[in-house]
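Chemist: Sequence:
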Amino acid sequence: MGLKYRNELKFMINYHQYFTIRQRLKALMKRDEHAGPNGEYHIRSLYFDDIGNTALDEKLGGVSDRVKYRIRIYNMEDKVIHFEKKIKKNEYIAKVKESLTRSMVDELLHGNIEILNVPDKPLFAELYDEMKHRLLRPKVIVDYVREPYVCANGNVRITFDKELRSGLSSTDLFDTELGAVRALDENFIILEVKFDEYLPGYIRDALQMEGLQRQSASKYVICRKYIKMNSWEDQ
Numbered sequence: 001m002g003l004k005y006r007n008e009l010k011f012m013i014n015y016h017q018y019f020t021i022r023q024r025l026k027a028l029m030k031r032d033e034h035a036g037p038n039g040e041y042h043i044r045s046l047y048f049d050d051i052g053n054t055a056l057d058e059k060l061g062g063v064s065d066r067v068k069y070r071i072r073i074y075n076m077e078d079k080v081i082h083f084e085k086k087i088k089k090n091e092y093i094a095k096v097k098e099s100l101t102r103s104m105v106d107e108l109l110h111g112n113i114e115i116l117n118v119p120d121k122p123l124f125a126e127l128y129d130e131m132k133h134r135l136l137r138p139k140v141i142v143d144y145v146r147e148p149y150v151c152a153n154g155n156v157r158i159t160f161d162k163e164l165r166s167g168l169s170s171t172d173l174f175d176t177e178l179g180a181v182r183a184l185d186e187n188f189i190i191l192e193v194k195f196d197e198y199l200p201g202y203i204r205d206a207l208q209m210e211g212l213q214r215q216s217a218s219k220y221v222i223c224r225k226y227i228k229m230n231s232w233e234d235q
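Mapped onto our numbering, the consecutive letters of the sequence shown carry residue numbers 1 to 235.
No lab work stands behind these hints: they were computed from the structure.
Virtual Cβ for every residue (Gly too), placed ideally from N, Cα, C.
If a hint is listed, it holds; no wrong ones were tucked in.
Result set (DSS-like, lysine-lysine): computed pairs, CA atoms no more than 30 Å apart in a straight line: (1) Lys121 with Lys88; (2) Lys225 with Lys86; (3) Lys121 with Lys85; (4) Lys10 with Lys26; (5) Lys59 with Lys97; (6) Lys132 with Lys121; (7) Lys97 with Lys30; (8) Lys89 with Lys30; (9) Lys95 with Lys30; (10) Lys4 with Lys85; (11) Lys59 with Lys121; (12) Lys88 with Lys194; (13) Lys59 with Lys89; (14) Lys132 with Lys225; (15) Lys10 with Lys97; (16) Lys85 with Lys59; (17) Lys121 with Lys97; (18) Lys194 with Lys59; (19) Lys89 with Lys162; (20) Lys85 with Lys194; (21) Lys26 with Lys95; (22) Lys225 with Lys95; (23) Lys121 with Lys89; (24) Lys85 with Lys95; (25) Lys85 with Lys132; (26) Lys194 with Lys79; (27) Lys85 with Lys97; (28) Lys10 with Lys85; (29) Lys95 with Lys10; (30) Lys162 with Lys85; (31) Lys30 with Lys86; (32) Lys88 with Lys4; (33) Lys86 with Lys121.
Restraint-style ranges between C-beta atoms, simulated for each label pair: (34) Leu28 with Ala125: 34 to 44 Å; (35) Ala27 with Ile115: 46 to 56 Å; (36) Glu197 with Phe174: 31 to 41 Å; (37) Val96 with Ser64: 13 to 23 Å; (38) Glu126 with Asp196: 21 to 31 Å; (39) Tyr198 with Val118: 29 to 39 Å; (40) Gly39 with Met76: 10 to 20 Å.
Given these sequences and hints, build the entire structure.
Modeler: Given below as structure tokens:
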């Protein structure tokens, strides 16, 4: 089966815009079933990059076709862990992912890449090759709270990502005392809009606000740049 590419639009919004847009969307979309009682869940990702920081440099350089690798967990639990490859082609994104166990994550973070030497799993085989030959390694933890909404019409998913934080000196995904610090001003929220072939007009109308402009809001880049500014990242 070929890759399923989707549209992805990103915006940096303030709290006034957030409250206005959220109020509109509540009447048009459903809360994601994975959200907790307060309509949110927590995401923590560990991003990887190679010895040349290719993912970071390509994003900063505006390269239209690029990839990022990350391990992602939810609500600080180890029931669902994925190693993901996010593929970007112009305005479209696709994901490839494989499940990991907690023990596999622990092995990886201790430098044992042989657990990925699994030829019949293409993503693992690719990661193994990247780690062996391009020295792909953990670079930064990206931590935030997500408020998601979904709509079957157009397979739309809209998320408000808040409290973006970064772990300054650790790559331990399950560290409850990580000491993550804000990497983005607390007055800003990242709005992401994902859909398949089309975005229904009534949802597009609900997103219209004066001053709302698309931005290249990469949480990975924001956190990497924050760490660099604070001189914690190994060069």
